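Enquirer: Go by the hints and put chain B onto chain A.
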Amino acid sequence: MLDCGMHMGYNDDRRFPDFSYITQNGRLTDFLDCVIISHFHLDHCGALPYMSEMVGYDGPIYMTHPTKAICPILLEDFRKITVDKKGETNFFTSQMIKDCMKKVIPLNLHQTVQVDDELEIKAYYAGHVLGAAMVHIKVGSESVVYTGDYNMTPDRHLGAAWIDKCRPDILISESTYATTIRDSKRCRERDFLKKVHESIERGGKVLIPVFALGRAQELCILLETFWERMNLKAPIYFSTGLTEKANHYYKLFITWTNQKIRKTFVQRNMFEFKHIKAFDRSYADNPGPMVVFATPGMLHAGQSLQIFKKWAGNEKNMVIMPGYCVQGTIGHKILNGQRKLEMEGRATLDVKLQVEYMSFSAHADAKGIMQLIRMAEPRNMLLVHGEAVKMEFLKGKIEQEFSIDCYMPANGETTTVTTNPSVPVDISLNLLKREMALGGPLPDPKKPRTMHGTLIMKENSLKLVSSEQALKELGLNEHQLRFTCHVQLQDPHSDADTLHRIYTHLKSVLKGYTIQHLPDGTVIVESIVIKVSSSAEDSNTKVLLLSWSYQDEDLGSFLSSLLKKGLPSGIC
Amino acid sequence: MEDAEFEDILDDWFIESLKTYKDLHVYQLEHPTQVLEWTSGKSVCVAGYSQPKNEILELRLPLKLLADENKSLCAERDFKVSHGGFTDGPVRCLTHIPGTRWAVTNDGLSSDLQVWDLGGEESDVIRRTGSIKGKRSASERGSRIAARPSSAPQVLHGAQISDVQLTELTSGETLYKLETDSADPLSSLQFVSDTVFLAGCCNGSVYVADTRTSAPPQLSHSPSSDESVIWWTDGAAGPHPSSRRVIRVSSSGQAVVSDLRNLGGAGCQAQLDVQTPGRCSQVDVKVSWAPTLDDCISVSGFSGVVQIYNTRLWGAEPQEARPLFEHRGHAVSSQQTDDSVPTFVTSHIWHPERPRTLLSAASDGSVHVWDWVDPDRQAGSPTP
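For the record, the sequence lines run as chains A and B. Just so you know, we're using UniProt numbering here: the first sequence kicks off at 1 and counts up by one. Just so you know, we're using UniProt numbering here: the second sequence kicks off at 1 and counts up by one.
Extracted from the complex, chain A is given alone in its bound form (with noise of 0.2 Å):
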């Protein structure tokens, strides 16, 4: 099972995957090898506790180490936000998150995994998010490789995915940004930073909701850099629950990312700013501007709310949402427009502050998939979660292009995949030195030759061997097969002339074969032997014997038709 994510579009069941399609009863774990996730985001792995718990699985599950850090805090708060918030009952508890987490078994990049004697998997870089996988899984010579979301431009901190020519037999990867041409990082910083300093220039406040194992740092440093070189005075704020799990992400990070980006981004502590201070909850309340991250991102508990509640009602203010929220939180009600929020104790919050959406994931579009392919070299390509009629286009280039076949199957559709496994057989080391003397001590490419023997399966293995250790084997007795014929030639010469005069004629014809003239009165083409001798009623009628066994069989017609034809009149 590739990913386990809940739809974050619905309320009811229908956001939950339908298991149904494993099977109509009964637990998965008879039914799945492994489980695994690609990256931390709710909808990969927002199900994955009620798909271990609730409906019921105990295998093994891989993810990335920082993944499996991730993910249990993303799952508890999104489940505190589906439960007591909003009180729903057919969900996961505290203990399912944890008990589907003991699971889980980390995987590191580049390490091949045996999942049982037959699979195996093996994770790559994907860029994206922290801990972001993209997978391959192998099982004999039959591979697939899952991508989950990546990106191909690198990232000032989380670089490009990015995979060997691994040849997979099915390249899977999500078709819903195939089709879009992204918008360049620097323009949504600069987005962010406009809308900041104007912010900031009308003396407004400027709230930025994050969660701490992501984003904020990165904005941090945008800010910082910018204030720097602006010479800004404004206070910036990072509040101290952010510090925590900040270090917490550092140590994560650190381990992740790769020696470049550790020098770029990572070298310096990351939370020693010369304009970014700790906050304290009491400098909401000073006048003036100023800039505060606080989480948590969604605005649905915590500081955050807390600053928000006191700035809402300022329309010089801002609230800046960097990220997805989930329903049933003040994120996504603000997020869709809502200017009167219903608090706790009936209480009505006018939101006048302006609030700003902006979208800083890295996700790879139409390029970043033709990219993806050319390093990966996959023989088929799966594109999933699009609609067909918009992908007609993606199709035909991909097939254009690679020449490889491109499936786009719907939700609850099956795709069967024609694949050329290679079958890899042992060869009997008789059979190998018998042809290998047969060619000479090299071979020769200009001459490439057939090989006879026998291919045996007996349980699990394939042997090549000769024919007579096949027959050996078998226990069955070898017969030879000859085609002998006799052809009529008028020639006045003796038998023994005739005949030399048939080797020279050959050997202007068959150039390139062993022809023999044996002292014995035969002629010898390679197993092919011709004897002369006369007619009996007339002595210038000749009769050639010829006689060939059937491995020579296209050789000796030949020959038989050419003699028939008699001897060219020049032959001496």
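The set of hints was computed from the structure by calculation and includes no laboratory data. These numbers were taken from a predicted model, which means no experiment stands behind them. For each residue, glycine too, the CB sits at the ideal point set by N, CA and C. You may find that some hints are simply not true.
[Claimed, not checked] Only part of the chain B face toward chain A is listed, based on derived beta-carbon distances under 8 Å: (1) 25; (2) 74; (3) 80; (4) 182.
Expert: Structure of chain B alone, referenced to chain A:
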């Protein structure tokens, strides 16, 4: 953080852009385009120009750019490839037929045109549906194309002035031919009303004719007798006859504005602030009247910059003009790896309604969408 990285994050142009642009979007196409053509108020077509095969793409503008109210609540900044197709050659010219889902292209290698169906809701594939034969001439040149503004699907096309004809798309019938003997190659062709069109020649002469009549066209000779210079033309198809003007720009940076009704008469002129020796001969200069800003024109093709000028400041005598605004985005953030070949802006267009929104494309595959701030209305420059 090292200084180099400091600068990497925030370079001068980036900082400046906070005040000089209201909106700015930067995209990277897989292959550069020389054409940018509106197919609706929300979508444009682009197409490649390499050999042998290329893609034609119809791109829908990002929702954030188009949203007026609730702009802040829309995070969607990406282009969506709504339709795409494949061509068998380069695309040098692409014209959308108004009121239809058809487009007509020319490959710059012959005068023949290709007709395309841009696709609808049922499919995202752009398909070739037919072709229109152009007139054969001794030198194989590409044709210019202009679509009749009204709902009749007709195209005006030709590689040189004597070959200009109006063809009905569905029947292929020739409805009109321009009667002239001159074989001057064309650099522009456009309708200024439903039946009146302007044909600008490379040598600077401009012909004005009406497709309803077989009367000979009005001819306005080139402003310059220098034969080495190439000219490009754009006509302002304003609602008022008095706003119907024509601008001609030469490869040496000379710009001449005249009234459509009196092309030879006194208009205004200027010497544009462009690096003429740097011009790339493969790239057309594009000059365009702003659709809603009176007297403003835009020019590109001399370098990696798009310039906007206010022609009201120009006089009867050619003087050096300073641009009102310069979009240097393509030059500054060039993705080209080969430093010896600088980036050129291959095309640009104005949004038909939003006064200061333009799209520009460059030879490195970049496409920018920008909404510039009039410097005269700027609230002051950023403090360095």
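Enquirer: Under the constraints set out in the numbered hints, which ones does this structure not fulfil?
Expert: 4
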